[in-house]
Structure formats: C-alpha cells, structure tokens
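> Each chain, written out:
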Amino acid sequence: MQDLEKIDTRFFSAEREAHLDVVGETVPRVDARSHVTGKTQFYEDMTLPGMLHLKMARSTRHHALIRKIDLKAAEKVPGFVRALTHKDVPNNWYTILRLIGVEPNDEPVLPEDRVLFAGEQIVAILADTAAAAGEAASKVKIEYKDLPAVFDVEEALKPGAPIIKPHGKNYFVYEGHHCRRIRFGDVEKGFASADHVIEHRYQSAPIEHAPTETTGCIVKPEGNGRFTIHSNTQACYFTLDNAALILGLPFNKLRVVGGTVGGGFGGKVDVIVEPIAILAAMLTGRPVKYAYSREEEMQVSSPRAAERITIKDGVMKDGRIVARKVTLYVDAGAYSRHSPYGTTKAAAHMPGPYSIPNVWVDAHCVYTNRTPSSAMRGFGVTIGDFALESQMDRIARFLKMDPVEFRMLNAYRDGDTKAHRKKAEGCALVEVMQKAAEMTGRTLPERFRKMSSLSREGI
Amino acid sequence: MSSSVVTLNVNGESREFLCRPGTTLLDALRDSLSLTAAKKGCAQGSCGTCTVLVEGRAVFACLVPVETIGSRPVETLEGLAAGEALHPLQAAFIEGFATQCGFCTSGMILAAKALLRASPDPTRADVVRAISGNVCRCTGYEAIVDAILMAAARLRKTATRKRAAE
Amino acid sequence: MAKLKGRGVSAVNYPTGMNLGGDPSQALIHATTTGSFVITLSSVDLGQGLKTVIAQIGAETLGVPFDTVWVDTADTDTGPHCMGTFASRGTHRIGNAVIMAAREARSVMLEVAAEELEVDPDDLVTDGKGAIHVKGSPEKSVAVINVALAAHFKYGKTISGRGIFMKPKSEPVPETGEMDPDSCQAHACTVAEVEVDDETGDVRVLKLTNAYEIGRAMNPALAHQQIVGGAWMGMSHALYETTEPYYPDRAHGPTNFISYLMPGPADIAEMESAIIERPAKNGPYGAKGIGEMTANSPIAAIANAIFDACGVRVETMPITPEKVLRGLDALRAGK
Chain Z
690 MQDLEKIDTR FFSAEREAHL DVVGETVPRV DARSHVTGKT QFYEDMTLPG MLHLKMARST
750 RHHALIRKID LKAAEKVPGF VRALTHKDVP NNWYTILRLI GVEPNDEPVL PEDRVLFAGE
810 QIVAILADTA AAAGEAASKV KIEYKDLPAV FDVEEALKPG APIIKPHGKN YFVYEGHHCR
870 RIRFGDVEKG FASADHVIEH RYQSAPIEHA PTETTGCIVK PEGNGRFTIH SNTQACYFTL
930 DNAALILGLP FNKLRVVGGT VGGGFGGKVD VIVEPIAILA AMLTGRPVKY AYSREEEMQV
990 SSPRAAERIT IKDGVMKDGR IVARKVTLYV DAGAYSRHSP YGTTKAAAHM PGPYSIPNVW
1050 VDAHCVYTNR TPSSAMRGFG VTIGDFALES QMDRIARFLK MDPVEFRMLN AYRDGDTKAH
1110 RKKAEGCALV EVMQKAAEMT GRTLPERFRK MSSLSREGI
Chain L
24 MSSSVVTLNV NGESREFLCR PGTTLLDALR DSLSLTAAKK GCAQGSCGTC TVLVEGRAVF
84 ACLVPVETIG SRPVETLEGL AAGEALHPLQ AAFIEGFATQ CGFCTSGMIL AAKALLRASP
144 DPTRADVVRA ISGNVCRCTG YEAIVDAILM AAARLRKTAT RKRAAE
Chain A
2 MAKLKGRGVS AVNYPTGMNL GGDPSQALIH ATTTGSFVIT LSSVDLGQGL KTVIAQIGAE
62 TLGVPFDTVW VDTADTDTGP HCMGTFASRG THRIGNAVIM AAREARSVML EVAAEELEVD
122 PDDLVTDGKG AIHVKGSPEK SVAVINVALA AHFKYGKTIS GRGIFMKPKS EPVPETGEMD
182 PDSCQAHACT VAEVEVDDET GDVRVLKLTN AYEIGRAMNP ALAHQQIVGG AWMGMSHALY
242 ETTEPYYPDR AHGPTNFISY LMPGPADIAE MESAIIERPA KNGPYGAKGI GEMTANSPIA
302 AIANAIFDAC GVRVETMPIT PEKVLRGLDA LRAGK
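Residue numbers (our numbering), protein chains in the order written: chain Z, 690 to 1148; chain L, 24 to 189; chain A, 2 to 336.
Just so you know, these hints were derived from the structure itself, not from any lab.
Quick caveat: nothing in here was measured; it's all calculated off a predicted structure.
Incorrect hints may have been included.
Derived EDC-like pairs: lysine to aspartate or glutamate, alpha-carbon spacing no greater than 16 angstroms straight-line [stated by the list, open to error]:
(1) A:K282 x Z:D1103
(2) Z:K828 x Z:E764
(3) Z:K909 x A:E323
(4) Z:K1111 x A:D78
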C-alpha cells in the first residue's frame, strides 16, 4: 500500500500547533462503500415512466444566419413528440453570471436568428426514445447563410474584424475598458533600469474536462406545479436560479437534487442542459432527460479556454525581477459564460507568487466563433502558471542562476504588497521549494536554507 | 420489429425481460434489470465504465448486443459482494482510497476480477494492462493499481489457507 | 538515437474562494433524538470527498465521534444556499459555515448536559467518543445520546445550529486593478524528471516530486488523492490533451477517449508527495483548499524538464512529440 502523505510538522510548527481529534485524521471516505458496491446513485441511474428524451439539432456552421428551419422530416420519425425553438423559451437571453451582476445577457437558450459556433444547439427534439430523438434531430433541415468567422483572439480584436456579438464588440467590457487591467508602479521605468529585458509568448489550446460521466439531467414534473431536477450540476442554486429566470418561474417551483457527480472539474457549472429540459417538462407534462453524448461532451460542452500570454520581464544581473508586463488573451469562444470572471482571476494571479515592484497586466476576454469556454480546474490560473513558470526557468538559465534559488530570491514574503495591492500573508512559496529540494536530495546553499516567508532575510 | 422475451443469467440468477432487437447488454442491464452499477460513459467502447463480465471475461457492455449472450453467465458489480461481506477487491478499493467520484469504479473492479481469475499472481504490468481500457479522470490510476495488487495478495493468502485446511 | 534525461522545477500559489468573494455558503445542523447529527447543505461532493471532510469538521467542532455525523447534500428544498463546488471554495466556505452551525449546536448540547449533571456548561468537556463529562472528573458524565433525548423530550430544546460564511465582494478598481481577490493562498512546488526520446519526440515523465502547503490537511488521504490525481491531470495537460489539436483551426477535434489523448495507467509517473501546513487565519481549522490547484505546478515542471533534457523550449501546450521533434530539428540545423 502506498505511503500516504505525512505532514512535515517542522515547517511553521508554532503556527500549526493544535489539538485535533478528527480533523487531520485519515478517516475512510463516507461514500467509498457505496461506490465499490455500485449503490451510489448517479442522476442517470433512474428511469421514470413516460420519460421523454431530448436531443438537439446542432449548427454545422461556425458563424451563420439561420435562414430556415424545416421540421417536416423530423416530425415523421416514429416516436417524435415535439420540437422546441427559441419561440418557446419565455426569457431566451441570459448569462450565467448575471446572478452576480455580470452583464450583458449575451447567450440565447436557443438561437433566434444566427449561430455563433459549430455545435451550437438550435432545435430541441423530444421523443419517446433516445434513438428516435437522435434520428429526428438528424433530420432537422436547417438553411444557413454563412457569415465571416473569427477564430484567433488577436485577429478578433483587430480593427475591421467581423464583429460577432450583438453588443458590438468582440471582447468583454470591464467598466469601460477593453480588458482587465493591473497597473502597479511603472513598468517602463522598470525596463529602462533593468540590466536585461526578456520577452516570450506562450500559448495553450482548449482542454476538455472529459469526465467519465457526461453532463445531463432528468426533470420530473411533480404534478403540483413544481419540478424536480435531478442533475449532476456542481452548483445546485446556480442551476435553480438561472433556470427560474430563464423560464419566468417563481424560484420555489423548482427543486434541484443532485450530489453525485461522475467528475466535475468545473465542467458542470454552466447550466446548459437544465433550463431547456425543464421547459420541455413544463410543456409536455412528462419527465424529460437531456444528457450529452460523449461527442457532445467532447466538442460542445465548454472546455478550458485557450490562452495567449506574452510576458516581458525587466531583470537585474543579481536575479531580481524589477518589472513584469503581461498581455493575456482568454479565448472565451462564442459566449461569455464564466470567462469574464476567469479573466479577472487571471489578472489577479499575475505576476505570480513573486514580489515585483512594477507590474502591468492587460487581460482580455475575447469572443471567437468556437465552442464557448468556461471554468475548469485551476480556472484563470493553470495556463498562467505554465507561462509564468516557463518564463522563470528561462530567466534563471539566461542569468546562469539556479532555477530554485532564482525563484526564492523573488518569492513573495508576508507583508509584501501584491500587484493588486493586497498585502501578502500566509506565504509559503519559499518553504515548499525548500521541502521539494530536500525531497529530491538537493542541499541548498545555507543562505537559501535559512530563507523564510516571514522575512526578507537573505534577499 | 417487435420485442421478444429474453432470459439472461445475471449474477447467478435467471432474469427474464422484454427486449427490443439491437439492445445492448448495457441498456438491458440498466433499463430493464435495474442493475445500474455499469455506467454509460461514452456508448462507444472508449471509456470502460460499462465493463461487465461475460463468462468471466471483461467486455464493454455498450458494444455487446443482448442477442449474442445466450446462456453465458453475466456478472455485474452488484453480484460481487456476498451480502454484507465485501469482496477483497471492494475492501481494497476502500482501504486504498482508490475511488473518488466512483463513476469508473464498477468497470475497474470487474476488469480486475477478470484478471485475477485468470492470473491470481499478476505483475504490476499485468494489472496495468488489464485496466488499460478503463478511463479514470480523478485518481491518476496509481491507487487503483495498488488496490488491485493488494486484493490479489489477500486472495492468494485465503486460497493458501483454504488449501492448507483441506 | 538517445533517451535524454532532464529535470525541471515549478513553484506556484493558488487562491481560495470565488475570485473577489461574494460567494457565501450556509449550513444547518441538527441532532436527532438518538444522539447523532445531520449537517444539511445544498453543496455538491464532486468525488473530492467534501462529505467526508465536512463530517470531520462537524464532528471536531461538536466534539462527537466522526461516525455519528452524517452530511446530507444537494437538495435545494432542504439545504440552505451554497454557491456551489468550484473555485476551491468548498472546504473553506462550507467548512467555516459548518463550524459556526456546530458551535451553536454544541452550546445547546452543553447547556442540556449541564442541567443533567447539575454543573455549569463551562465545566464540561466532550470526550469525542460520545460522552460529555466534567473537566477533571470523567466519572461525572452523561452520554450524548441521553443528552439528545433529554433535550427534546424533557427540556423542549433543539440541539441545532445555523451557519454562514461570506467573504464580502470586492470591486476591482478599473484603472489599477486594485482588488481583494481571495481569502488565502495555498502553495506547491513540483520537481519533474523526464526522459525525451530524441528520435520520436516522445516524452516520458519518470517522476514527479510534489511539496504542497495547504493550510491544514483535513484528511491526509483525501489531500493525497488530489495531489496524485491532479499531477496526472497536469501531465495530461502538458503532453497530451486538447479539443483542438490545430488551434486556432477547428479541424480534427477528438470526440471520444480514443481520440482525446490522456495518459493511461501504463504512462503514469512515479510520484512522491509531501504536505506542509501554514494554517490560514480565516480557514476552517486553518484549511486553505487543494482541489483545483493540483494540475498546475506539474505542467511547467515538465516543460522545464524537457528543456533541461534536450534543449527544446516548447511554448505551446500540449507539448506533443511533433513539437519536440521540430524543436530538435531546429537545434540540429543550428538555429
């Protein structure tokens, strides 16, 4: 059996002293037994009599006007019950984060006159079986008029780029600005005073949560005007509140039940499947299941945003970073979802856990004609860390300094002011590096062994 | 085409149900027999969450038409424990913290069971090969491999004691 | 043709809580008349073990055995509001709400026990094993189950509690980005050892060594699950995964696990991990949260190790064999 973590109590020993009985103990998981006996109930482990299956007819175009929707062939499929379009949706426009005041409502539940990404849901087909729903959805004939599409974040921001959003801009507006800004000190002065200026660009591509369980829900009309939504959402109230607003229902008519998720990782916080499934249940009086197929989970459900990050650093011979300028683009895809928030988080994370006196960040949330991106484990930070820590390695090698020692020199300490002007506290970057050095058999020079997050000694 | 009455031997019991032509073993288990431990992660044989045993061999139930089973015994996770007593694989997964969200767990345990029946003393590489068709997104696999090896060791010990007692 | 070995390091921090705050969570606790406790939440356990950790926090605060505490989750009819499980906010926000609720329940429990034992509530301690006794006089004790029965049937009191935790929402200053984005920061350092095949561009991650600082490990085994599972996901991000292999071109998007590449059990690295703790002043028993961050430091550590091994710096994720080979070709051509 593997060795489970031992807590190394030599670090911060005075601060971590506590008499605890249960917290800190390796108790068995309360759900392990039901997992290994197959008794854990996932939302799809139930069948309700008379349940309808919902499958979507999806856009095959990246960016197009919808000229015509022909349902005749779809309606003839045995088992077809009903089709839903935007006309059926009481409040068709929303954005998930409006609950915390983010505007505008830039996403339709079902598109009205155009599609913004290949795979976008257009018509909801309800049928007695999943096979019939899928067949009918494939027989929906849609006529498109293609519009110019943008796929690259910097192309999307160039003057003359096709504007793909109704509010007139291919970016999210942060209080009148075209990006989230951090302005701390004076980076140009910093660069001017630096011994070296090192600039590099980093890029990632969209990444899927790829949970083993796809996103889905089953909605059950309770017969008393209320609807129970069995969902694998990560956020029951996010789902409930957004659905109620979209459907124009009193909030207490909806009940969201869940709590077992076959992998979340941020991929089940988008509230995509529930509102339309509830609407279908409202209109038919029958239970409705809307579950993503694996293909839909891979290409239609939102991924982690691709990011493009340029880091320009002003560096002194002795290893101090005196200025850091970061230009960051988050590829939000066709709709905002959580990206405006994630972009702010990305900006807040800069310049990384290092104390740098001059920091400049422009973090853009950019719209393109691709699958909308959204939250994923490490939201706003994971790709930033790839860029930051690759950059730190490159600077260290350029200066012919040890990569760990270089980081320890620049690591933030308690009381340092961060670029977003919050005072750092509870720092431990120095200590995790000391621990990792020890674990890999590396003896750091004494000056670095003595360093601590509690003081600037040794810098 | 109309449904027919099908009888399958599942977990040692004769189970009869109405079945449409072309129904997969997975759908039959989950929708007709209320045996929902086997999961539908992809419906195309790429994730392993639907793994069950047919004649002791691991198969992707989402790819197996019911018509091809005949009288061959089918085993699902629900049949593994004897009442309240857990199978060593189940106990090892609990003790070894080899499960997080639980969605891949049924497939993993059954793939392991098929392996241990054929190879009671597997190498680490044997275990890895046996579960290479089962995707886990949570654990990083290490704990699962360790748990299977631990269960194998315990099963061998029990078998040795049994033989010694006879 | 050679297998080139290299080592790389990466050090990161990670913020706890929904960015900028304004993400409250509530919790309710009640004792049954037979001395067990139910914590009611609308929060969701994603498999990271929230239900287990919350039961531990509840049991610790109440002073009762872990297996007498049950956590009921994810029903909006019974569970009070929770923003949800994301942003590494679960343990921190919900844990703090549960502590508040448990303190209230505990104070009623001690009041009733004090009546039964005819002492002052301040004279009492819980033994964590199901009994409450007078400090220094363990023989003067009463079982929690009897306190629960007495509370309900004799004194007409509810052993229950309510809790909420909220970090007030911070509004960023548009011009400067001044803001208060998080409640605390956890830390990690990863050292990666890789082997690069200079003929195929294949990268094999041999070992990942991870040091984490997470405030307080609520349950070391569950923290270990996050570290190991996250390191695997980080390796997967670094070397394998994307839905758009030709980004920003949308062609050839994978649609299942055969075409969406992730390392399988034969591809995993040897892993060695350790935890240190610097309790957060505002965390439940100092916990900072760990769920989201564990894929992060392995990624750059692997990228840096690849450079160390073969001199190729790949600036785009995922670092595929093709990119490594192109880099090697460029180096050989003397660029």
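> When the hints from earlier in the document are held up against this structure, which numbers fail?
Structure breaks hints 3, 4.
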